[in-house]
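> Letter by letter, the chains look like this.
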Amino acid sequence: MPIAQDPLSVEVTLPRKDVVLLTVEGYLDVDTATELQAHLANQLHHGRRHFLLDLSRVPFMDSSGMNIILRVYQEVRDRPGSVHIIDPAPAVRRILDLTGVSITVPVSRTADDALALVDRQPGESPGADEERG
Amino acid sequence: MSTTEQPREPAAEPRPRPPAPAGVSPASPAGRLAATVERLRREVRTAQAEAEGRALIELAKGILVERLGCGPAQAARQLTELAEQAGVTPLEFAVEVINQAARDRVAEVTDAFLTAAAEPSGRDSAVRLRTAESGALAANDTQAVADSLLQHALQPLGAVAVAIWAAGADGSLTLAGSAGFSPAEAARWRYVPPEVATVARRGLTERTGQWFSSLAGTGLPTIGRHVHPDGGRVAVPAGTGGRIHGVLEIAWPKPLPPQPPRVVRQVEALAELCAHTLDTHPPHQAPGQEPRVLPDAAELMDLADGLHDPALVLVPHLDGSGQLVDFRIQHVNSRFLDPAGRPRAVINGALLLEAYPMSAGRSELFQQVERVYATGEPFRAHRMQLTALVDQVSLSAVADISISRHGNSVLLIWRIEDETARLASLLQHAQRLGRIGGFEENLLTGEITWNDELYHLYGRAPVPLEELPAHAHPDDAVTIGRFLRTLLHHRRPASAAFRLQRPDGVTRHIRVVAEPVLDTDGRPFVVRGAYQDISAQHWTEVALAATRDRLAHTEQQATERSRLALQLQRAIMPPAQAPLRVPGLEVAVRYRPAETEHLVGGDWYDAVVLPSGLVLLSVGDVAGHGIEAATSMVVLRNALRGLAVTGAGPGQLLSWLNIVAHHLTGAVTATAVCALYDPRRRTLRWARAGHLPPVTVRGREAAALPLIKGMLLGAAPEADYEEAEVQFAPGDTLLMYTDGLIERRGRPVEESLAHLLAAAGGAPRSLDQQLDLLLTYSRSDTDDDTCIVGIRVG
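Chains as they are written, first to last, in our numbering: chain A, 1 to 133; chain B, 134 to 927.
No lab work stands behind these hints: they were computed from the structure.
Glycine included, each C-beta is placed from N, C-alpha and C at the ideal position.
Some hints here could point you the wrong way.
Claimed, not checked - Derived DEER-like restraints, expressed as beta-carbon distance ranges:
(1) 841(B) - 89(A): 16 to 26 Å
(2) 589(B) - 89(A): 58 to 68 Å
(3) 814(B) - 89(A): 39 to 49 Å
(4) 37(A) - 716(B): 49 to 59 Å
(5) 37(A) - 796(B): 21 to 31 Å
(6) 89(A) - 653(B): 33 to 43 Å
(7) 741(B) - 37(A): 31 to 41 Å
(8) 37(A) - 579(B): 49 to 59 Å
(9) 37(A) - 653(B): 45 to 55 Å
(10) 836(B) - 89(A): 17 to 27 Å
(11) 37(A) - 639(B): 17 to 27 Å
(12) 864(B) - 89(A): 37 to 47 Å
The whole structure should be built from the sequences, with the hints applied where relevant.
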């Protein structure tokens with residue numbers, strides 16, 4: 001499928017105040033990665049700590065896509081925060097395993113599963129933001 | 134007066150007094166001049182009569198010889214008998230015969246004569262016409278004209294000498310006649326070669342009358358200058374019908390004041406008269422000065438040289454008895470190409486039937502030439518079959534033919550429809566001039582064809598394409614690899630420039646262009662192409678580039694960064710590194726930087742023997758491109774080397790390397806495979822950091838090692854790496870590579886990996902060949918760095 005006819009679409013929702021869910025659709029590669037990066041940078045700027053990336057409708061991802069995920073991972077690690085990948089296609093899952101990213105970045109089946117993981121993170125409770133502020 | 138010859142006796146025929154031009158008294162100088170012109174015309178005509186009459190009878194005899202197929206003596210008898218039967222003189226009958234035989238140009242030249250003296254019509258007129266035209270008069274007639282001109286027309290004008298120059302086809306001037314100059318001076322000036330500037334030449338080149346009041350003022354040399362250095366001179370072109378036959382030059386002893394228009398016109402009339410004389414009577418050539426070619430043939434040769442089609446100038450070749458037996462090929466023009474491929478010099482001067490024996494055969498070319506020569510009637514034919522004998526093999530060609538007679542020569546023009554021969558020759562010359570060597574290589578049989586130029590370029594026996602890197606400068610291995618890949622794998626035409634290192638030590642800059650010839654299944658079976666020696670262009674480009682660099686400093690800086698990255702890569706990892714010496718182990722490495730300079734990035738490979746005797750093997754890929762990625766690559770590669778000396782296992786080494794990567798400025802990420810090979814036990818311990826797994830090849834089977842756990846470098850502050858061990862057997866091969874080798878846009882990595890396994894398996898090859906093959910046939914479509922490390926267990 002020609003990539004140019006299939007631009008990346010990114011849908012942003014906020015299930016919690018500091019948790020952002022980005023639903024990505026399309027090929028995530030060197031041509032489209034900057035699009036996702038722009039969304040992530042925007043959310044980082046707004047102080048989100050937990051990033052949920054729904055990749056169920058990403059049929060293909062290359063190293064550019066992965067580098068973006070890693071960059072967010074490095075940015076939020078000290079906040080402290082987390083990155084979660086939701087329901088990757090087999091080809092994407094394979095890349096995550098190949099590069100070992102799945103060792104560090106948890107992969108969940110659904111957004112709810114991912115949210116459950118976020119909630120279980122140490123020091124994390126509803127309203128934690130207010131405490132920090 | 135002093136002349137070389139006595140003036141001819143006035144002709145005996147009655148001479149009606151010419152009417153004086155209106156307003157001109159017969160006694161005035163101009164009137165005398167007009168009368169002289171008229172008288173001279175008549176004299177010329179009469180003088181020709183006898184000699185020409187003989188010539189006409191000879192000509193008629195010749196026609197009868199040809200028509201009746203009899204001998205000359207019999208023809209003469211026949212002519213006399215026929216004339217008697219017809220009740221006419223033999224001369225008149227001869228003219229009849231000639232007129233019937235030749236429907237040619239005849240009268241135009243002599244029109245001027247006839248209109249001046251309105252002759253009674255009938256046979257007499259026909260005789261006069263032919264008489265004037267025939268051109269067989271004694272050679273010294275122009276001399277007689279010169280004498281008469283001076284005596285009757287020019288002396289009354291105060292002139293003391295006259296010279297009549299005949300213009301040759303080549304622009305030379307021959308003194309056809311003169312009066313008033315000493316015989317010695319005339320002999321000295323008998324010939325003026327082309328392009329020598331004289332007074333007469335000025336008249337010829339300017340094509341209008343040149344009136345010089347004083348010869349000294351012109352600075353031009355000419356006949357009799359020493360006798361009359363300050364005298365007036367006139368040089369008038371002598372022409373008829375738009376064609377200049379010569380120049381009439383007149384000398385005065387003293388400076389000449391401007392002359393009235395009437396005198397100018399009369400002198401021009403005299404010049405025209407001279408033109409008729411010159412035209413009808415070619416200048417006499419002294420024995421020994423005989424030109425090798427007839428003047429009309431010479432002119433025809435010039436004409437042929439101006440044609441864009443192959444043309445031959447033929448002159449008749451007679452046997453001892455005056456019989457036409459063949460035609461001599463007097464000249465072939467520059468477009469001429471012998472259908473049999475013989476050099477032009479061989480054809481030039483040969484007899485037509487000797488050069489082309491087959492022309493007498495079915496093609497009837499010879500017969501046509503013969504007929505055109507005899508009748509003067511031109512011959513034109515489209516798509517005539519021509520046959521040439523080439524080494525006893527007759528070759529046919531279809532040609533458009535044109536044959537025409539010009540004077541005593543025949544012009545034969547052929548345009549060969551099949552231009553293959555011509556194109557082949559053109560190609561040969563182009564290759565020689567461009568220093569291009571052509572080649573063809575059969576991929577199935579390995580058969581290689583080189584042309585002569587290519588042997589010359591290479592200075593050695595043919596080199597198969599796949600062995601090209603071995604004959605090129607090591608730095609060009611990448612370029613050649615890319616070229617072969619486009620050509621053999623992508624099956625597309627490709628070109629590359631590289632430095633050829635000849636066996637004699639000479640380095641040549643070569644451009645190679647080649648294309649695959651596909652069979653019906655779309656598989657290449659022949660590669661053909663050309664090498665061109667561009668050494669000269671190369672050095673020009675170098676000089677040009679130096680200038681450009683100075684001008685575009687800013688741009689240079691930008692590209693310099695990319696180039697620096699590449700240089701860094703090259704410094705660390707030469708494209709073709711000296712092989713590692715490990716007993717029982719063969720090691721080969723390849724590095725191909727990204728084609729686009731700014732995409733050159735952070736791929737690395739390493740193969741080094743550690744103090745422990747283990748061999749450290751690694752490949753890695755720093756994310757990103759350009760100088761930053763290249764610098765990080767250098768850091769990681771060297772760090773790994775240093776860490777390896779501690780004797781730690783590959784998993785531990787990668788853990789440490791992860792820390793190094795994580796704390797590098799800019800927090801780079803990288804993938805890598807690190808392996809330690811034990812040559813004694815033939816075992817390999819390895820670990821990977823987010824990198825593609827190595828591939829092993831045993832026999833014809835290629836397989837990827839398992840995806841053991843290992844996070845890419847630099848992503849997390851701490852990481853653990855799983856280790857695995859592989860046991861090798863002799864002949865086994867291990868391949869480690871970066872994703873530039875397999876990555877295809879939009880394709881799952883499994884698919885790319887499967888292709889690599891298919892390429893790596895197959896027929897056994899040397900390790901070097903195997904790596905070259907992988908680079909050449911890699912299916913990657915991302916312009917990325919590519920590294921390969923291969924080991925083969927001995």
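> Need the list of violated hint numbers for this structure, in ascending order.
11
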